[in-house]
Amino acid sequence: MIRRLQRGDGRRQWLRMALVLPYLWLLLFFLAPFIIIFKISLADPLVAVPPFTALIDWAAQGWDRIYVTLDNYLFLFEDRYYGVIFLSSIKLAAISTMLCLLLGYPIAYFIARQTPRRRNLLLLGIILPFWISFLLRVYAWIGLLNTHGVINNFLLWLGLIDQPLALIYNDFAVYLGIVYSYLPFMILPLYANLEKLDLDLHDAAADLGARNWQVFFDVTLPLSLPGIIAGCLLVFIPAIGEFIIPALLGGSDTLMIGRALWDEFFINRDWPVASAVSVVLLLILVLPMMWFQKAQAQTDAGAEAQGGVV
Amino acid sequence: MKRRSTGLLTMVAFGYAFLYLPLLSVIVYSFNDSRLVTLWGGFSLRWYRSLLDNENILAAALLSLQIALVSATVATVFGTLVALSLNRLGRFKGRTLLTGMVTSPLVMPEIITGISLLFLFITLSEWIGWPGSRGAVTITIAHITFSMAYVTVVVRSRLSGMGQSLEEAAMDLGGRPLAVFFDITIPAIAPAMISGWLLAFTLSLDDVVIASFVSGPGATTLPMLIFSKVRLGVTPDINALATVIILLVSAGVITAAMLTQPKDKSRAG
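If you're matching them up, the sequences are chains A and B in order.
For what it's worth, the working numbering labels the leading residue of the first sequence as 1, then goes sequentially.
For what it's worth, the working numbering labels the leading residue of the second sequence as 1, then goes sequentially.
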């Protein structure tokens, strides 16, 4: 017994030592960058390389040494442009998430009700696009939506329209792109949840005289709430900072924070303001992210408890 | 009941058509002879030929593959170690911080990861003179950092579903810790490590945003090149490239699915 404990300790010691490298890696390449971005958001812009003032001015003495300004944040609040962009990003992400849910729920529900063999095949169909490059999947829509693209040509040929519709370089195309790209992220957690639902509950409700839609709204929907929450967060969080979709499919009036950040950084080269925008975006995302991590931890705990039983 | 299932079936058919029709149209138009992407000019393989002649694309593809191979491998080692520690070490100092650092990249907007890493590299090169120039190395570092989070999640879920009795038995029989680790633990979590590696590899091959920030003038990855080309609209040779990628990935995923199929639990549906 004692020997076994010692053995166990020996292994743990070994693992502890092995963990040092990945731990340091994360501290240096994940945590430190956030401290730096926060630091730069408190600096003044300069026309120089790097284009911001140093936080700690080693040449100065005493209290002058630490230089902090809130100007960049004040700028964000005073400048109406950024308020509008933040709201517009939240709106675009929220509506896309709802559309994903409306389209994804029936699909997840359908897959969960199939025989295992068919289920695997249908799931493969959902997962496959996920492995294919995100960029190329967004790109595929350009050819479809263009003024002289596949859809317009088809509608013209049918005689349904006289002139090409404006399908691309507007908010419509961005919604389409987000729903298309993130649909698997909605379907998979929904499916994982719906697959575990006890069908006896449906039979019980039906036996007691509930109609189909009543069973759905009173039994299935409330029980699948964890899956809905997980799916919505997995779509909403990345959608809000999305850059590629608005850059390729959006119009010049499509306001999204990811794109504004890119322009602020590469075109205006105002790094302190870009940093302040990043910090504010992170603050907006902190609540959904913590929510997601809590849900994730609960799932983990459930899985661990199950593993213990087996 | 009957009517509802018809409605549901229509929705599902629409969903799958929505997922696959855009990819199908890219494949069809990659064989189009016309330079005008939207007009059908007859069947042709000319864009595939021009792809093979395009040295920029080939060089970018090679660079992307190198970065993806290295970053996926390191991320798998690091991610597995983190998963093992979180699963087996119980409470230890810095556990909460580690959990936070390794799960945050999953939900972090890429653009913020990109900007913050670029700031780090600039600050470091000011302080210690490294990295002297940005390129393949800095992109690889960035990719390791965000993809190890995915590996950790995949390996952790495997570890938490498996228990420790086999390892304990091996230790009771006198197995040395490292031997037990390589003979028992690694084989048991190998499938999860492989999935994690593939996920990390794919994520690396797919990344535009982070690479654009942390790259330098010398290094252009394949996604960066594609992005700069398609920003100007549809180009026929990118259609050909996309077709090659779509078919390769599909073949890989379907083969993997077929290989893992027989082991599936046979639960009544």
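Watch out, some of these pointers could steer you wrong.
Simulated DEER-style distance windows between Cβ atoms [as the list claims (entries may be wrong)]:
| # | chain 1 | residue 1 | chain 2 | residue 2 | range |
| --- | --- | --- | --- | --- | --- |
| 1 | A | Leu-27 | B | Arg-35 | 47 to 55 Å |
| 2 | B | Leu-52 | A | Leu-165 | 33 to 41 Å |
| 3 | B | Gly-216 | A | Arg-113 | 36 to 44 Å |
| 4 | A | Leu-31 | B | Arg-91 | 18 to 26 Å |
Here are a few chain A residues that face chain B, going by a calculated C-beta distance under 8 Å [claimed, not checked]:
| # | residue |
| --- | --- |
| 5 | Ala-18 |
| 6 | Leu-70 |
| 7 | Pro-129 |
| 8 | Tyr-175 |
| 9 | Leu-283 |
| 10 | Phe-292 |
Because the hints were derived from the structure by calculation, they are not lab data.
Note that the coordinates shown come from a computational prediction; the quantities given were computed from them, not determined experimentally.
All residues carry an ideal CB built from backbone N, CA and C; glycine is no exception.
Each hint, compared with the structure:
Hint check: Leu-27 of chain A to Arg-35 of chain B, Cβ distance near 52 Å, so the stated range 47 to 55 Å holds. A C-beta distance of roughly 37 Å is found between Leu-52 of chain B and Leu-165 of chain A, which places it inside the suggested range of 33 to 41 Å. At roughly 52 Å, the beta carbons of Gly-216 of chain B and Arg-113 of chain A sit outside the given window of 36 to 44 Å. Between Leu-31 of chain A and Arg-91 of chain B the beta carbons are some 21 Å apart, a value that agrees with the proposed interval 18 to 26 Å.
With its C-beta approaching chain B no nearer than about 5 Å, Ala-18 of chain A sits inside the 8 Å limit, and its interface hint holds. Below 8 Å, beta-carbon pairs count as interface contacts, and Leu-70 of chain A has none with chain B, the closest being about 19 Å; its hint is therefore violated. The restraint placing Pro-129 of chain A at the interface with chain B holds, with a minimum CB-CB distance near 5 Å, inside the 8 Å limit. With a least beta-carbon distance of about 13 Å to chain B, the hint placing Tyr-175 of chain A at the interface is violated under the 8 Å criterion.
Among the interface hints, the one on Leu-283 of chain A is violated; its C-beta lies about 12 Å from the nearest C-beta in chain B, farther than the 8 Å criterion. Proximity of Phe-292 of chain A to chain B holds as hinted, the smallest CB-CB distance being about 6 Å (cut-off 8 Å).
In this structure, the hints that do not hold are numbers 3, 6, 8 and 9, in rising order.
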